[in-house]
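Number of protein chains: 2
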Amino acid sequence: MRKIAVMEDFLTPERRKKVLDTAEKCGFAVDFYGRGAAPAQGLEQYEIIYGWCNPQDLKRATGLKWYCCGFAGVDQLSDDSLYASPDVVLSNSSGAYGLTISEHILMVTLMLLRRMPEFQDIVRRREWVSELPMRSIYGSRITVLGAGDIGTNFARRAKALGAGHICGVSRSGRNPDPAYDRMLPQEQLDQVLPETEILVMALPSVADTVGILSRERIALLPRDAIVVNVGRGTAIDQEALMEALNAGRIAGAALDVVVPEPLPREHPLWSTRNLLLTPHISGNMSLGYTCDINVDMFCRDLENYAAGRPLEHRVDRKRGY
Amino acid sequence: MRKIAVMEDFLTPERRKKVLDTAEKCGFAVDFYGRGAAPAQGLEQYEIIYGWCNPQDLKRATGLKWYCCGFAGVDQLSDDSLYASPDVVLSNSSGAYGLTISEHILMVTLMLLRRMPEFQDIVRRREWVSELPMRSIYGSRITVLGAGDIGTNFARRAKALGAGHICGVSRSGRNPDPAYDRMLPQEQLDQVLPETEILVMALPSVADTVGILSRERIALLPRDAIVVNVGRGTAIDQEALMEALNAGRIAGAALDVVVPEPLPREHPLWSTRNLLLTPHISGNMSLGYTCDINVDMFCRDLENYAAGRPLEHRVDRKRGY
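So the protein sequences, as listed, match chains A and B. In terms of the numbering used here, the first sequence is residues 167 to 487. In terms of the numbering used here, the second sequence is residues 167 to 487.
Among the hints, erroneous ones may be present.
Think about it this way: if two alpha-carbon atoms lie no more than 25 angstroms apart in a straight line, the pair counts; the simulated DMTMM-like pairs of lysine to aspartate or glutamate are [as the list claims (entries may be wrong)]:
id: 1; chain 1: B; residue 1: Lys169; chain 2: B; residue 2: Glu213
id: 2; chain 1: A; residue 1: Lys325; chain 2: B; residue 2: Asp458
id: 3; chain 1: A; residue 1: Lys325; chain 2: B; residue 2: Asp343
Derived contacts from chain B toward chain A, CB cut-off under 10 angstroms, selection only [said to hold, decoys possible]:
id: 4; residue: Leu256
id: 5; residue: Val289
id: 6; residue: His433
id: 7; residue: Thr456
Honestly, the hints are just simulated from the structure, not real lab data. Positions of the beta carbon are idealized from the N, C-alpha and C atoms, including for glycine.
All chains should be modelled from the sequences, with the hints used to inform the complete structure.
Structure below.
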């Protein structure tokens with residue numbers, strides 16, 4: 167019988183049943199493993215892997231035809247040489263994270279605009295100070311760099327909260343979502359940075375996004391700008407960002423992704439001024455909704471796969487997303 | 167000439183001009199003082215005071231006919247005996263704070279649901295842990311106790327973020343705002359508490375709101391409930407709330423208002439578990455928008471006053487709001 171290996175930790179009995187029912191309907195048997203916990207032997211029997219399989223284990227999956235990664239970012243999985251065959255189809259779970267990551271972006275943006283880390287320090291000292299200047303999402307000028315599922319989910323929420331102007335920036339510069347007041351192609355990013363108060367970065371790590379927020383572009387941001395990154399740490403010249411923050415040349419930043427991860431204890435990012443650092447939690451899979459959508463998307467694509475239809479979430483490995 | 171005393175710190179040249187132009191049109195001259203900085207002599211010459219006049223100074227304002235308080239909460243100003251005459255009209259600035267306070271509520275709610283204080287502790291220890299269970303505003307059951315300007319501004323934002331069910335609770339149980347899925351009168355509060363995941367309190371301090379979140383009602387909340395209070399500290403049995411938090415009987419609380427303020431250094435609230443404490447900052451006047459609206463509302467009511475029309479923001483001193 168054709169076989170699927172599921173390697174994920176969030177498979178509650180309900181989600182397990184949903185996978186099993188869909189697999190049975192499509193003529194597959196399923197074995198369940200933990201996230202990243204590929205069995206030491208027998209990986210060659212699986213035609214499909216869903217969840218997270220460590221890249222170094224993939225080569226042993228000699229029967230693999232489709233790997234559905236449970237994450238949205240698949241930069242570690244794009245290299246053809248990881249696979250036993252170059253024909254392995256890769257799909258991701260982009261679409262499952264827009265909700266939770268957009269709530270993270272909203273939270274850290276409000277924390278920075280409303281000076282929350284400083285108020286938390288004040289409270290830690292048991293002092294009662296209430297007069298630090300604050301700002302609002304209402305009326306603010308926002309640039310969303312990477313106008314995919316995550317960026318657009320945030321743009322819709324910011325719009326609903328009364329953001330003054332939202333500019334989306336994507337490779338093509340096209341995106342029909344009405345949350346954006348304006349769309350720009352990536353090569354015109356420089357023109358919008360000087361008027362950006364909130365720069366939200368939700369980019370995959372691919373050749374032309376690595377280092378996209380360069381030292382020169384950081385210098386184009388106004389003094390009251392804040393930068394939020396939830397995509398990949400490689401998108402930012404981290405050294406230049408730390409310098410700008412420490413010198414007060416921009417108002418603040420919230421980084422959920424950094425280089426490297428985990429961040430070594432002696433790294434200067436830990437003590438950078440006006441930096442709200444989080445340990446890659448924005449897409450935390452503990453949120454039931456995220457996992458439900460994740461499983462739903464896999465099951466839909468499993469039906470597509472079994473019927474010979476194109477996968478909804480197939481990744482172009484050359485493009486990287 | 168009839169005279170107005172403005173006692174506020176946020177009077178930028180533009181806002182000052184707006185007040186002066188409106189006053190001139192209405193036949194008034196204006197003197198400007200700082201917030202709470204009533205002049206030692208001559209207070210009797212003012213027919214109108216706008217901003218914040220310390221209650222102990224009001225008695226000297228023997229010519230006072232209208233006091234427009236720049237804050238929304240006027241519990242310190244309701245007592246007739248504060249004034250030289252019981253006929254002094256009191257108005258407040260309810261309506262100026264909905265935007266900024268609703269952004270505060272959103273921020274602290276997300277921080278509690280997403281375990282942000284714990285992640286901040288982890289980051290402070292330079293550790294890299296990403297797997298604490300989180301929750302979302304999306305799909306959550308929210309009760310808004312006090313369905314006025316502030317509560318309703320929050321309800322609209324929560325609705326836009328996909329809240330599952332929003333129940334408003336007000337004295338009358340009436341409120342036409344479509345953000346609420348359901349409205350209840352205050353006396354039926356008990357019936358909605360057991361199914362409340364997020365309890366937002368935005369009540370004025372009046373006789374029947376003092377102690378409204380009693381020990382018995384805290385016991386009705388489910389274990390995963392969080393409580394957010396931005397109204398007045400008196401609305402909660404603080405002792406009972408601290409016990410519930412320390413015992414883990416509810417999931418968390420965010421208090422921007424407490425009893426007393428400022429909180430003494432040795433008070434047990436500072437070290438209560440899962441409590442996000444802020445020093446009464448949610449309605450911080452540093453936000454330009456809040457101050458603009460504040461001045462606009464005063465100027466509109468000044469025109470009403472001069473024309474003999476009823477004031478839009480008149481407070482019923484007996485009712486307290």
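A quick look at each hint next to the structure:
1. B:Lys169 - B:Glu213: 6 angstroms, holds
2. A:Lys325 - B:Asp458: With Cα atoms ~21 angstroms apart, Lys325 (chain A) and Asp458 (chain B) stay inside 25 angstroms; holds.
3. A:Lys325 - B:Asp343: 20 angstroms, holds
4. Leu256: Violated: closest Cβ of chain A sits about 24 angstroms from Leu256 (chain B), beyond 10 angstroms.
5. Val289: Holds - the Cβ of Val289 (chain B) comes within 10 angstroms of chain A, reaching about 5 angstroms at its closest.
6. His433: 8 angstroms, holds
7. Thr456: OK, holds: Thr456 (chain B) within 10 angstroms of chain A, min 9 angstroms.
Of the numbered hints listed earlier, the single one contradicted by the structure is hint 4.
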